[in-house]
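Q: Residues per chain are reported as follows:
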Amino acid sequence: MSDSLLDVRNLRMYFYGSSQVVRAVDDVSLSVREGEVVGIVGESGSGKTATALSLIRLLPPNARIVSGEILHKGKNLASLEETELRKIRGAEISMVFQDPMTFLDPLMKIGDQISESISLHQGKTSDLKVKVVDSLRAVSIPSPEKVLDYYPHQLSGGMKQRVLIAIALSCEPSLIIADEPTTALDVTVQGQILELLKTLVRKRRGLSLLLITHDLGVVAEMCDRVYVMYAGKIVEEADVSSLFKEPKHPYTQALLTAANSIYFVGREMVGIEGVVPDLTNPPSGCRFHPRCQYAMPICSEKEPILIDIGTSRAACWLYPKK
Amino acid sequence: MGGKEPSALANYVVRRLLEGIPVVFAVLVLNFLLIALYPGDPAQILAGQEATPQYLQQIRIIYGLDRPIYERFFDYLWAIFHGNLGYSFFFQEPVTSLILQKLPATLMLLGTAMVIASLIGILMGVEAARKPHSLRDGVVSAVSLLGYSTPNFWLGQLAILLFSVNLRWLPVAGMTTLTQQLGGLAYVADVLRHLVLPASVLGVYQVALIAHLQRGSMLEVLRQNFILALRSKGLSERSIVYKHALRNAILPVLTVIAFDISALLGGAVLVETVFDWPGIGRMVFDAIIAGDYPVITGTFVVVSIGVVMVNLVTDVIYALVDPRIHYR
Ligand SMILES: Nc1ncnc2c1ncn2[C@@H]1O[C@H](COP(=O)(O)OP(=O)(O)OP(=O)(O)O)[C@@H](O)[C@H]1O
Ligand SMILES: [Mg+2]
Chain A
1 MSDSLLDVRN LRMYFYGSSQ VVRAVDDVSL SVREGEVVGI VGESGSGKTA TALSLIRLLP
61 PNARIVSGEI LHKGKNLASL EETELRKIRG AEISMVFQDP MTFLDPLMKI GDQISESISL
121 HQGKTSDLKV KVVDSLRAVS IPSPEKVLDY YPHQLSGGMK QRVLIAIALS CEPSLIIADE
181 PTTALDVTVQ GQILELLKTL VRKRRGLSLL LITHDLGVVA EMCDRVYVMY AGKIVEEADV
241 SSLFKEPKHP YTQALLTAAN SIYFVGREMV GIEGVVPDLT NPPSGCRFHP RCQYAMPICS
301 EKEPILIDIG TSRAACWLYP KK
Chain B
1001 MGGKEPSALA NYVVRRLLEG IPVVFAVLVL NFLLIALYPG DPAQILAGQE ATPQYLQQIR
1061 IIYGLDRPIY ERFFDYLWAI FHGNLGYSFF FQEPVTSLIL QKLPATLMLL GTAMVIASLI
1121 GILMGVEAAR KPHSLRDGVV SAVSLLGYST PNFWLGQLAI LLFSVNLRWL PVAGMTTLTQ
1181 QLGGLAYVAD VLRHLVLPAS VLGVYQVALI AHLQRGSMLE VLRQNFILAL RSKGLSERSI
1241 VYKHALRNAI LPVLTVIAFD ISALLGGAVL VETVFDWPGI GRMVFDAIIA GDYPVITGTF
1301 VVVSIGVVMV NLVTDVIYAL VDPRIHYR
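Residue numbers (this note's numbering), protein chains in the order written: chain A, 1 to 322; chain B, 1001 to 1328.
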């Protein structure tokens, strides 16, 4: 694991309510290598966004990282000082969010929103404007010199998402975390944004992408490796071809069946019976057992851990330990 | 698309000014009717209780009270367009020149109160919103509630008792020390010393109001998604709050402050009276006691136009700061 750019070990992040605790990220381990596109896939409420935000500790006041390590270039982000962490956010690790409509400051010109990042991390150099124009060009925004002076409301959703990607890229980070970057966009625009992200990772040496999605089609098209997340836990890890050819965990299998039967209502995935459990009081043993067609007595008693199964890893009692 | 053209802004200002005309006209009509339809003999009101019948007759002719109401209305409009707001029998001076004399003192008082109250109120509101339900937030809310519900004439008297009479730190009343002939900087310092208490007392309500509004508006903005995006860029909380969030949160506050300017003027009447501040408010108070109607209604006209102007300026600022507002 020494070639990992990001190495997350046994991460737990809980939300503390007035009377209950939401175990949104519960013992999650994952890694991203240099130049790799890694996916996290799972239904709504499985803790994908919570995981993403934990990685650079972009958490609301009621959230706490309870335990675990987030190793990045020799630093443990889980315990790093806030001031040190700010030097990493936007510079080393940046984020692209789900709904581009609401993630730009409505009162600030596009150019200023980009140059703000660059001057924060690289200082106010004389070629600042050139760098800003370059970042807009890098995300294929037509006539970037003009767009500099636009306000967010003057751009379409797809263009806004390109601007957000330009901001994320502007300081040449080693990792971009994209949390459902296309979910809020028109179908035709979705393809363009994904294509853009893919090209960027291919072209920029040293850039990795952690892509969060609930769309297996996106995973197939974009990712090298995938983590399947369910109820705050990773239930399967596999390279993309193994995942689609031989899904190991019954949850992954169910996701694939649902995706293949193309039951999409709006953009929500349907087709797996039941819902993601309440994370304040998750089921005992394997959290998927109440919805699992192969459930055995042990599944509700003991929690399975991730074990190697061929080229994949899965946490399921169907697979006996060697 | 693109930035805003200066000519578009000019157009917008002119259009908003034109929209102000009906409002001012309505004020003038109301003002006129207030005198014309006042129960009793308007000549009696204008001349005062001890007027002789001859004097009353004279008043009727001067004011044309013997002529039909629409003729009088046009005369009244004509006079106002020529800057003639009538004559004060009590002060023995034309109302226009009275108002012009007293206006600077009032503007100084209101301006000082407003600027200081805005700075303090905005700071309090922002700091409270940064940590909702913290001790800091609780203190701001309590201070805000207290300031909101304390009558300023009472607060004024209390302040005079404490700071002027007991501690003798500040002058009791007035705008200048009458017993001394001061010049230059000494004069300015003397006026400032007189200004401290009335401006503070007048500002307390505004601080309370602004802090409360700013807190709410700031909380709203800090919940928005783009704040998360700013944090993901690596910006410090302070620059997120003061550079981005404040700009977004201050606009609604500004509008309410402008709307509330009439409450501030009402407060000024009381505060000027308590502190014997030689401004419009004090003058109106004296005029009300003396039944000096031309002064009261004349001030009403001037103040109304002032309020319309303040709201216009606010709208223009709003449009300048917020690119989403189109100059329709
Ligand atoms: N601020 C918060 N306070 C308390 N609970 C929260 C908070 N944010 C999220 N949660 C809870 O954490 C759990 C995981 O949510 P998360 O947003 O990470 O899911 P997700 O996988 O990203 O889903 P989606 O596909 O809908 O984005 C959910 O049960 C959610 O209700
Ligand atoms: Mg999410």
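Rather than coming from a laboratory, the hints here were simulated on the basis of the structure.
One or more of the hints may lead you astray.
Claimed, not checked - Stretch by stretch, here's where chain B covers chain A in the computed footprint (C-beta under 8 Å, at least three residues):
hint : segment
1    : 63-76
2    : 151-164
3    : 294-308
Stated by the list, open to error - Using 20 Å as the maximum straight-line C-alpha spacing, the simulated EDC-like pairs for lysine to aspartate or glutamate come out as follows:
hint : chain 1 : residue 1 : chain 2 : residue 2
4    : A       : K109      : B       : D1322
5    : A       : K109      : A       : D99
6    : A       : K198      : A       : D224
7    : A       : K87       : B       : E1220
8    : B       : K1243     : B       : D1276
9    : B       : K1243     : A       : D7
10   : B       : K1131     : B       : E1019
11   : B       : K1243     : A       : D112
12   : B       : K1131     : A       : D278
13   : A       : K302      : A       : D278
14   : A       : K203      : A       : E34
15   : A       : K146      : A       : E172
16   : A       : K73       : A       : E36
Where is the CB? At the ideal position from N, CA and C, for every residue including glycine.
Q: Each of the hints needs a verdict: does it hold here or not?
A: We went through each hint and held it up to the structure:
Counting residues of the segment 63-76 of chain A whose beta carbon lies closer than 8 Å to any beta carbon of chain B gives 0, which falls below the threshold of three, so the coverage claim is violated. Counting residues of the segment 151-164 of chain A whose beta carbon lies closer than 8 Å to any beta carbon of chain B gives 4, which reaches the threshold of three, so the coverage claim holds. Against chain B, the segment 294-308 of chain A contributes 0 residues with a C-beta closer than 8 Å to a partner C-beta. That does not satisfy the three-residue criterion, and the hint is violated. Of the supplied pair hints, the one linking K109 of chain A and D1322 of chain B holds, its CA atoms being roughly 11 Å apart against a limit of 20 Å.
Taking the CA atoms of K109 of chain A and D99 of chain A, the gap is about 19 Å. The hint holds against a cut of 20 Å. Restraint check: the Cα-Cα separation between K198 of chain A and D224 of chain A comes to about 11 Å, which is no more than 20 Å; the hinted pair holds. Restraint check for K87 of chain A and E1220 of chain B: the C-alpha separation of about 27 Å exceeds 20 Å, so the hint is violated. For the proposed pair K1243 of chain B and D1276 of chain B, the alpha carbon gap of about 41 Å is over 20 Å, so the pair is violated.
For the suggested pair K1243 of chain B and D7 of chain A, the alpha carbons sit about 34 Å apart, so the restraint of at most 20 Å is broken. Straight-line distance between C-alpha atoms of K1131 of chain B and E1019 of chain B comes to about 42 Å, which puts the hinted pair past the 20 Å bound. Restraint check for K1243 of chain B and D112 of chain A: satisfied, since their Cα atoms lie roughly 12 Å apart, inside the 20 Å limit. For the suggested pair K1131 of chain B and D278 of chain A, the alpha carbons sit about 29 Å apart, so the restraint of at most 20 Å is broken.
Using a Cα cut-off of 20 Å, the hinted pair K302 of chain A and D278 of chain A holds, with the two alpha carbons roughly 19 Å apart. Taking the CA atoms of K203 of chain A and E34 of chain A, the gap is about 13 Å. The hint holds against a cut of 20 Å. A hinted pair counts as satisfied when its Cα atoms are at most 20 Å apart, and K146 of chain A with E172 of chain A does not qualify at roughly 23 Å. Note on K73 of chain A and E36 of chain A: the hinted pairing holds, with a Cα-Cα distance of about 16 Å set against a maximum of 20 Å.
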